[in-house]
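Those sequence lines, one after another, are chains A and B.
Going by this note's numbering, the letters in the first sequence line up with residues -17 to 275, in that order.
Going by this note's numbering, the letters in the second sequence line up with residues 594 to 926, in that order.
In short, the hints are calculated from the structure, not lab data.
Please note that the accuracy of each hint is not assured.
What the hints assert, rightly or not - Calculated cross-link-like contacts (lysine-lysine; reagent style DSS-like; alpha-carbon spacing at most 30 Å): (1) LYS82(A) x LYS664(B); (2) LYS135(A) x LYS99(A); (3) LYS167(A) x LYS693(B); (4) LYS651(B) x LYS664(B); (5) LYS693(B) x LYS82(A); (6) LYS211(A) x LYS167(A); (7) LYS80(A) x LYS249(A); (8) LYS135(A) x LYS90(A); (9) LYS80(A) x LYS651(B); (10) LYS210(A) x LYS167(A); (11) LYS80(A) x LYS664(B); (12) LYS210(A) x LYS90(A); (13) LYS99(A) x LYS187(A); (14) LYS132(A) x LYS664(B); (15) LYS99(A) x LYS132(A); (16) LYS167(A) x LYS738(B); (17) LYS167(A) x LYS80(A); (18) LYS90(A) x LYS211(A); (19) LYS651(B) x LYS90(A).
What you are looking at is a predicted structure, and each value in this text was computed from that prediction instead of being measured.
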Amino acid sequence: MRFVFPLVLTFVVTLAGCARTEHAPAGGGDGGPAAGESQTLTLKGSDTMVILGQRWAEAYMKATPDVTIQVTGGGSGTGIAALINGTTDICESSRPMKDKERDEVQAKRGAPAVETKVALDALAVYVSASNPLTEISIPALRGVYLGDTKGWKAIGGPDHAIVLYGRENNSGTYGYFKEHVLENKDFAAAVQTLAGTAAVVSAIKGDPFGIGYGGIAYLEGIRALKVKKDDASPAVAPSLQTAQDGSYPIARFLYFYTAGAPTGLGKRFVDWVQSQAGQGVIEQVGYYPLPKG
Amino acid sequence: MAAPMTAHTRNAEALGERGSRSLRRRGGLGERTVEIAIQLVALVSIAAILLILVFVGKEALPLLTSAEVHKEVTPLGMLAPIQRSGESLYMWQPVSDVAKYNVIPLIVGSVKVTLVALVFAVPLSVAAALFVSEYASERVRELAKPAIELLAGVPSVVVGFFALVALASWIQAVFGTEHRLNALVAGLGLGFAICPIVFTVAEDALRAVPRSYREAALAMGSTRAQSVLRVVLPAAAPGIAAAVVLGFGRAIGETMIVVMASGNAALLDASLGRSTRTITATIAQELGEVVVGSPHYDVLFALGAMLFTATFVVNFFGERVVDGMRRRLGAGS
C-alpha cells in the first residue's frame, strides 16, 4: 500500500512531463494557422512570471475558447534561449534582454527582438511588526543576506541575532534578489528557504527577529521596510506609486519578448495583456499594473 | 457480455448435473483465473517499483557517466568539502555562479531529524502499546487503539502546518532555540506522524505473545510489572524492532512535515535548535522547476536514488535482524 501513492504520482508526473515536452516545441507557427482551427501559443521563461502568465492564459482562453496557450517556466535565461532557437512564441523575462542576446535573435530568427513591458514587480523586505527598524539600505541588506552582518544592532535594530528567511533556489524571486541585492554572490547558508512567499510571511509573523523578502501583495500582519538605494538616498516605501515612478529601488518591469513584432494570435494576446482586462489580472497575482500612458 | 455469461452459467449447471468430477474441474478453472489475476496484480506492483527504480537510476546516471555533467559536479565532489581561503566548507548552493553540490549537510539533516523523531516516537509508542495491550481494560482498549491509529490518517501537511504555526512557537518559548523552525520542531512533527505506525506494529507484537508466557510468569510469583517488562516485552522484541524499522523508513522519507517545519537552511552542525535541510525537502523544493537534464536535475535524482537505497538497506537488514531474533526466541522457548 505504501507504494501506491508515490507510484500513481510518478505516473501522473511522467505523463505530465511527456505532455509538456511534446507540446512545447509546437509553437513555431508565428504566422498563425488558418482561422477556425484551434490555435496554440507558447510562453516560456521567467519563473517569477509563470503564475502571472498562467492567470493571463486562463483568462484569455476563457474569453476565446478555440485558443490554447501553454505557459512554462525555466527562468528568464531559458526563455530567451528558447526565443533564439524558435521553440517559443513569446519569451517571458523578468530582466531586460542583453545586447548579445538581441544580436542572436536577429541572427537566428531574422527579426529583431521586440520588447513589451507587461507588468511591474516590487520586492518588499519583511520584518516582524514588533521590530523597531523602519528602513534599510541595499548595501546593508546585502551584508545581512551574505551573512556578514549577524546582529540587528549593526543596522539599527534590537540587540539580537538576525534570523534569515528566503525562498527556495528555483524561485524567480530568489534569483532577482540574488542578482539585484547580493550582486550574484551566494546567500548565507543560514538562510532558511521556505516554500512560497506565504510561508515566509507566516514565519516572520511568528519570529520577532526574522527578516524576509517577497511580493508586496503578501504583506499581512508584518511590516515592509522602507528601502534606500544606498546610505545617502532617501528611504522609500514599496507601493503601487513608488514602483510605477521608479523611486523604489527593488522594483522592476516584467517583459514579453518576441522575434519581430507579434502577429496573429500572438499580437491579439499581447494587446489583450496590455488592455484593462489583462492588466486587471496582474493585481490578483500580486504584482503591479503598468503606469498609465 | 451478458449472453456468454448466461451460457457460461448454464454450462456450469449442466456440468454440475453431469457429475461432481467435472464440477471440481470447473471450480479449479475459476480458481486458477482468480489466482492468475492476483498474480498479475502482484506483478504489476512489483514491476512498478522496479520501474520507479529504473527511472530514478536512469535520470541520475549522467552524474556517473556524462563528462558534460562532470564539469559542474562529480559524485566524489558531492562528498568532499569545498576548500576556500583555508577553510573546509560543506555547502549546498546549487543555484550559483559556481554551483556547490555538497550533500553532507543534507545527509546530516535527514539523519538528525529522523533520530529526533525516533527518540520521541519509539518510547512513547511502545509505552502506549504496552498500556493498551497489557493494562487497559477491554473498553479503554477499544477506544484507545482506533483513536491512536486514526492519527495515521492525519495528512502530513496538516501535521506540518501544526508544527510550523503552533509547535515551533512553543519550542522556541520553552527552549529559547536560535531558529524558530529547527531540527527539533521538524523531528517532533515527524515523530508525531510515525507514532501510529510504531504503536500499531508494536501493539500487534505484544498481543501476539502467548497468554501462557504471562500466566507462567505470574505463576512463578512475579508481579504484573515484572511479567510485562521481563517476559512479555522481550518476547515481543522482534516485532518492536520491526516497528522501529518501519518508523525509520517512514520518517526518513517523509517530506511535507520537514519542508514546512525545518526551515531548510543547509547548515552542517549537530545543533537541534538551528534550522536544517533534509534530502527529501531538497528534492521537493528544487525538482519542481529545475531545468530537465541539467546537472542540478541529475544530482536531485541521485539524492532520490540514495534515499531509496538507504531505506531499502535498512528495511532489508531490519528484516534479517528481526528474523534472527524471532528464530532465537523461538528456539529458546
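Structure-based check of each hint:
Simply put, LYS82(A) and LYS664(B) have alpha-carbon atoms about 25 Å apart, close enough for the 30 Å limit, and the pair holds. Taking the CA atoms of LYS135(A) and LYS99(A), the gap is near 40 Å; set against the 30 Å cutoff, the hint is violated. Using a Cα cut-off of 30 Å, the hinted pair LYS167(A) and LYS693(B) holds, with the two alpha carbons roughly 13 Å apart. Proposed proximity of LYS651(B) and LYS664(B) is supported: the alpha carbons are some 19 Å apart, at most 30 Å.
Among the hinted pairs, LYS693(B) with LYS82(A) is consistent with the structure: their alpha-carbon atoms are about 28 Å apart, no more than 30 Å. Proposed proximity of LYS211(A) and LYS167(A) is supported: the alpha carbons are some 18 Å apart, at most 30 Å. A distance of roughly 23 Å separates the Cα atoms of LYS80(A) and LYS249(A); the hinted pair therefore holds under the 30 Å criterion. Among the hinted pairs, LYS135(A) with LYS90(A) is inconsistent with the structure: their alpha-carbon atoms are about 54 Å apart, more than 30 Å.
A threshold of 30 Å between alpha carbons decides the hint, and for LYS80(A) with LYS651(B) the separation of about 36 Å lies outside it, so the pair is violated. Simply put, LYS210(A) and LYS167(A) have alpha-carbon atoms about 20 Å apart, close enough for the 30 Å limit, and the pair holds. The suggested pairing of LYS80(A) with LYS664(B) holds, with an alpha-carbon distance near 26 Å, which does not exceed 30 Å. In summary, the hint linking LYS210(A) to LYS90(A) is not supported, as the alpha carbons are separated by about 41 Å, beyond the 30 Å threshold.
Distance restraint check for LYS99(A) and LYS187(A): the Cα-Cα separation of roughly 34 Å exceeds the 30 Å cut-off, and the hinted pair is therefore not satisfied. Proposed proximity of LYS132(A) and LYS664(B) is contradicted: the alpha carbons are some 34 Å apart, above 30 Å. Using a Cα cut-off of 30 Å, the hinted pair LYS99(A) and LYS132(A) is violated, with the two alpha carbons roughly 38 Å apart. Note on LYS167(A) and LYS738(B): the hinted pairing is violated, with a Cα-Cα distance of about 54 Å set against a maximum of 30 Å.
At roughly 20 Å between alpha-carbon atoms, LYS167(A) and LYS80(A) fall within 30 Å of each other, so this suggested pair holds. Under the criterion of a C-alpha separation no larger than 30 Å, the hint pairing LYS90(A) with LYS211(A) is inconsistent with the structure, at around 38 Å. For the suggested pair LYS651(B) and LYS90(A), the alpha carbons sit about 34 Å apart, so the restraint of at most 30 Å is broken.
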